[in-house]
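Novice: Residue numbers (our numbering), protein chains in the order written: chain W, 1 to 301; chain L, 1 to 281.
It should be emphasised that the hints constitute simulated quantities derived from the structure, not laboratory data. Just so you know, not all the hints are guaranteed correct.
Subject to a maximum C-alpha distance of 25 angstroms in a straight line, what follows is the list of computed BS3-like cross-link-like pairs (lysine-lysine) [said to hold, decoys possible]:
1) L:LYS186 with W:LYS18
2) L:LYS104 with L:LYS186
3) L:LYS104 with W:LYS18
4) L:LYS268 with W:LYS107
5) W:LYS12 with L:LYS104
Since this is a predicted model, take the numbers as computed values, not measurements.
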Amino acid sequence: MNPNSFRAGFLKEILRNKPFYFLLMPTLAFYSVFVLYPLIDTFRLSLFEHPYWPDERFVGISNYIRILTSDTLFYRAFINNLQVLVLSMVGNAGTGLFLAVLLNSLKNERIRRIYLTMLFWPYMMMPVAVAKLFRRFYDPHFGLLNHFLESLGLQSWTRVWLGDPQSAVFCVWVACWWMSISINMLIFYAGLQGIDPALYEAAQIDGAGRLSSFIHITVPSLRSVIMVMFTLITIGAFKVFDIFWVLGGGSPLPAFFMVLATEQYDMAWFYNYFGYASALAVVMIIIILITTIIYLRIQEV
Amino acid sequence: MSSSITKKIPRFFSHLVLLFFVIISVYPLFWMVLSSLKTLPDFTSNMWGLPKEIMLSNYVVAWEKGIGTYLRNSLIIASVTTILVVFFGAMAAYPFARTGFLGKNALYFYLFLGMMAPVAGIVIPIFYLAKNYQIANNYIGVILPYVALNLPFAVLVMRGFYFTLPPDLEDAARIDGCSELNIFLKIIWPLSINGLITIAIFTFLASWNEFFLSLVLLYDENLKTLPTGLSRFTVTIGMGQITYFPALFAAISIITLPIVILFVFLQKYFISGITQGGVKF
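Based on the provided sequences and hints, a complete structural model is requested.
Specialist: Listed below in structure tokens is the structure:
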């Protein structure tokens, strides 16, 4: 092929679609400057000790080596993120699916609507407000939770919920779970409505019970919805920041309250180790990227 | 007989479980509003009951201790972000939903990547970018990254919406000699109102709730948004030793109200947006 005619065709193709590129331009510009450039720059900054300072000192990959070999806080934070991930996979997705199946089993369309609306209240609150509210619930002296347990005669169960390394992460997760009940239910509910009712009728004729048609029809039909849900939950569990930061009482957070994003924040804005914080951010990006690729691969199979 | 009982028991069970979840969803908010109306002694001694006297002044206190300022800042930032995202997002989604052009799939993947980016991964360069161009501690400094962060999701949802519009209309216009740009402005745009409302709601909510970037970029007390302002919000009385909790609950009640109003009027868009975002990822 003549390279000149190829180039001419290429140019013609671009000119023909000029209006499309024009429509895309503002979005690509915003995105490139405020998302892509910062992502790439974070990689560069992670190779310095004090980026942007007059003596920024290039240190190569030693920030990463420190994270992986001697940062106990990082491992604690990573384990806390993993705890949130596992609790959310089981608890949030489980509750969502369970409630969606129950809602779908109701015959009356209007009653379904009423339940849906009533369950939406927590979603309307801002996460920071939820954190402030739950801080009051967990308060050892004036908190609803300890008060409630005492009134049931369960004094021995009361504790300093957020000050106790045993219960802190779980308590934070409960607040996250409470906020997300309606969304998880709604996503599964939409998925359930897409299932052909004839499948259930056929199963009934074959003598399949409720449980067996749930396992053999409902779950396989929701496969892609479940995968999307797990992807969103995984990304969310590694990104989580505000609710931990506020429930933990602000920087610097105690170790048992640390997640990757709060460690990144404390390192940068409390201790001013911007290079180290950038390296932490890169580790977060890599973790999120790898898990997303794994999910996309599973979904393709 | 027996079959009617076995049918009724599961339905009764469904109602029981759903009601339980309605209670745990609604009660904390109900308790919060009740507590926001109490005096401090009433709140500490009578935690579960109704207020003995209605203290509407708690709301005035919360408003004057900063909530009024934070609310103004949040409304400005979230509204401007929403307008820009709706405008640019609706434009950018159209080429992705229609004819193939060079680099379409690559560009779509490029945008899609950004939906996963954690704020922690972009915050430090954005801070220095804002500082160098003198837009740190300024509305513009947060609005610009908010627009960029919300555009990928808006493009995704709008692209799904454009797929539902019949292409016949555009073809007819094209035959009449209408230019691509005019087709978009005069035919597609007016038909897209439902999609535009959906992306407007979710952009507004995302920028209304956003915490990390505004914590880093807006440090002036007068410029703080609701999430960052509320995170440090306490009202003390006496010698500054005693926390006045009812004012905190009044503050949270005030800031939840705008979203409740939005939800009441635009409920179906909330629901369609979540299902689209989740199912058609």
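Novice: All the hints need checking, so say for each whether the structure fits it.
Specialist: Status of the hints after comparison with the structure:
no.	hint	verdict
1	L:LYS186 with W:LYS18	holds (18 angstroms)
2	L:LYS104 with L:LYS186	holds (24 angstroms)
3	L:LYS104 with W:LYS18	holds (13 angstroms)
4	L:LYS268 with W:LYS107	holds (20 angstroms)
5	W:LYS12 with L:LYS104	holds (16 angstroms)
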